[in-house]
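J.: So you can see what is in the structure, the chains are spelled out below.
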Amino acid sequence: MPVHISEMELQDWMDRLGPQLLRLSTAICHDSVAAEDVVQEAFIKLWRKPPDGGARAIPSWLKRVVTNASINVLQRTRRPAKLPDVSYDPALQHQDRVDQRLDLADEVARITHAMDRMPEDKRIVIVLRVQHQMSYAQIAEAMGIPEGTVMSRLNRARKLLAELVVEQDAQSGRAGDESLPFRPTLGQER
Amino acid sequence: MSSDTDKSTKLSCPDVEAMLSGIIDGELERDLRHAAELHLLECEACRDMVNRAEQLDELVTAAGERQGPDALPDRVRFGVLSTIEREKARRMRIPAVAWSGWAAAAALALLVTIGSLTGWFGGPEPSEPGARLVLAGSQRDAFAGVRMIARVLGGELTEADFDALVRQLAATATDGQPNIVSRLLGDEGRAGLHNLLQNENLTDLQRQVLQQAERLVNELERGETPGQRDWVQLNEGLSRFQLG
Ligand SMILES: [Zn+2]
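Quick mapping for you: the protein sequence lines, in order, are chains L and D. Letter by letter, the first sequence follows residues 1 to 190 in the working numbering. Letter by letter, the second sequence follows residues 1 to 244 in the working numbering.
Please keep in mind that the hints were generated in silico from the structure rather than gathered at the bench. Heads up, a few of these hints could be off.
As the list claims (entries may be wrong) - With a straight-line Cα cutoff of 25 angstroms, these simulated DMTMM-like cross-link-like pairs (lysine to aspartate or glutamate) come out:
| id | chain 1 | residue 1 | chain 2 | residue 2 |
| --- | --- | --- | --- | --- |
| 1 | L | K122 | L | E7 |
| 2 | D | K10 | D | E27 |
| 3 | L | K49 | D | D204 |
| 4 | L | K122 | D | E58 |
| 5 | L | K122 | D | D48 |
| 6 | D | K88 | L | D121 |
| 7 | L | K45 | L | E7 |
| 8 | L | K45 | D | E85 |
| 9 | L | K122 | L | D37 |
| 10 | D | K88 | L | E36 |
| 11 | L | K45 | D | D70 |
| 12 | D | K88 | L | E147 |
| 13 | L | K122 | D | E65 |
| 14 | L | K45 | D | E87 |
| 15 | L | K122 | D | D57 |
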C-alpha cells in the first residue's frame, strides 16, 4: 500500500504550514496571487503522493516543492532586474555616528527595501535560509545548486544586503556602518 | 565539547570571514567549527563581524514575519479540497445516486455541518436558524458538508455537477440570504430528496437519517424552528456514516 494522507491530516498540514508556505512563496515570487496557486498545488501534490519518510519528511518536502514552483513563477514572469550599483564608499566609515534608536518597524522597512533591491538568486537564498530556516542541503536541492556553493552564495548575499542597507542609510542621511557585518574590503586584516 | 583537534589549522581573519555564513548558520563541519570558535575567542574584530551578521539576520527574520497572511486564505484551502474531492469521486466505483437527490442531501449536510461547527447549538442568543446558518457559513464548512454527504451516499458526480453545487453552496454561504432551504433545495431538490428515500438500495441507517432530514427541511420551509435535539440527532446520524 502506498503512503496515504487522509483529508483530516491534509487539513492539519494546511493549518500548520499553510501560512508559512504562503509567506515563503510570496517572498520568492513577489506575487501573492501566484503564491496562493503555488501553495494550493503543493498541498494537492502532497495528497496525491506524499513523500517517503512519513510525517517527519513532509515540512521540508513542502518547502522544497513550494520553493521550486515559486522560482519557476519568478522565471516565467521575470521582473526587470534592478541590481543597483553597489559601490561602498569608505568615507562612510568616518562619518559621525549618530545615535539613532530606530524602532523595529523602521528597521524592518529598511531591510525589506534593501532586499527588494537584491538580485533574485541572492535574495532567495537569504529568504530560504534566514526567513525559513532551511538547511544548506535543502537549499541546494530546492535551488538546484551544489551544496558546497550554498555557503559562499549566502556570504555574498549577506554582504550585499549589508552594503545595500549602508548605502540606503547614507542616502537618507542616516549615518554609521553599524549594520554592516563584513568589513568593506574583503580580506583586509587589521 | 571534545578537544582532540590540537593539530587543527589556525584560521586567519579572511578565513573566518569566508565562512561567516557557515558559522552563524551552524553548517560547518566539526573541525572547522572548532577552529572558527578558537579564532573568535581571540579575535574581537571577527566576533564583532559575527554579531553584526546575526543582528542583520534578526531583522531579516522580523521582516519575513511581517509579510504575508496569518492564515491560509479560504480560496486556497477550498481549491485544494475541491480538487481532491473531484479526484476521489472519479476513483470511486460505487453505484451512482441521482444528481438531484445528491444535491438535496448535500444541502442538508451543509445545514447540519454549519450548525454544528459554528457553535450554533450552544452559541449565544439563538435566533432564526436559517439566517444564522447562512451568515455563519464559510466555504470550508460548506465543503465539509459536501464531503460528509458524499461519504454517506457514495455517489458519483460529474465535475460540472460538482462545480455547480460548490458554487451554489459558496454563494449561499456568503450572500446573507436567509432562505437557504429554498435556494439550495428548490422544488427539484425536494423531489430529489423524496426520490432518494424511495431508493431500495439505501441502508436502514441512510433511510432513517434522510427521513429525519426531510422532516427538518419541511419544518424549516413552513417557517417553524426545529428543536435543537432534532438537529443534534441528525448530526449524529450523519457522523455515524463517517468513514476513516
Ligand atoms: Zn579575526
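J.: Straight-line Cα separation of D:K88 and L:E147 no greater than 25 angstroms?
T.: Measuring from Cα to Cα gives roughly 39 angstroms; hence the hint is violated.
J.: Take the C-alpha atoms of L:K45 and D:E87, compute the straight-line distance between them, and say whether it is at most 25 angstroms.
T.: It holds: about 12 angstroms lies between the C-alpha atoms, which stays within 25 angstroms.
J.: If you draw a straight line from the CA of L:K45 to the CA of L:E7, is it 25 angstroms or shorter?
T.: holds, 13 angstroms
J.: Are D:K88 and L:E36 close enough, with their CA atoms no more than 25 angstroms apart?
T.: holds, 23 angstroms
J.: Could you grab the alpha-carbon distance between L:K45 and D:E85 and see if it respects the 25 angstroms cut-off?
T.: holds, 13 angstroms
J.: Is the Cα-Cα distance between L:K49 and D:D204 25 angstroms or less?
T.: Answer violated: L:K49 to D:D204 is near 36 angstroms, above 25 angstroms.
J.: Hey, L:K122 versus L:D37, does the alpha-carbon distance stay inside 25 angstroms?
T.: Distance of about 24 angstroms is within 25 angstroms: holds.
J.: Would the pair L:K122 and D:D48 pass a check requiring their Cα atoms to be no farther apart than 25 angstroms?
T.: Since the Cα atoms of L:K122 and D:D48 sit roughly 23 angstroms apart, the hinted pair holds (cutoff 25 angstroms).
J.: Would you check the hint for L:K122 and D:E65, treating anything up to 25 angstroms between C-alpha atoms as holding?
T.: Holds, at roughly 19 angstroms.
J.: Checking one constraint from the list: CA of L:K122 to CA of D:E58, max 25 angstroms. Satisfied?
T.: Cα-Cα ~17 angstroms, so holds.
J.: Is the hinted pair L:K45 and D:D70 satisfied, with a Cα-Cα distance of at most 25 angstroms?
T.: holds, 23 angstroms
J.: Compare the distance between the alpha carbons of L:K122 and L:E7 with 25 angstroms, and conclude whether the hinted pair is satisfied.
T.: violated, 37 angstroms
Of the hints listed earlier, those the structure fails to meet are numbers 1, 3, 6 and 12, in rising order.
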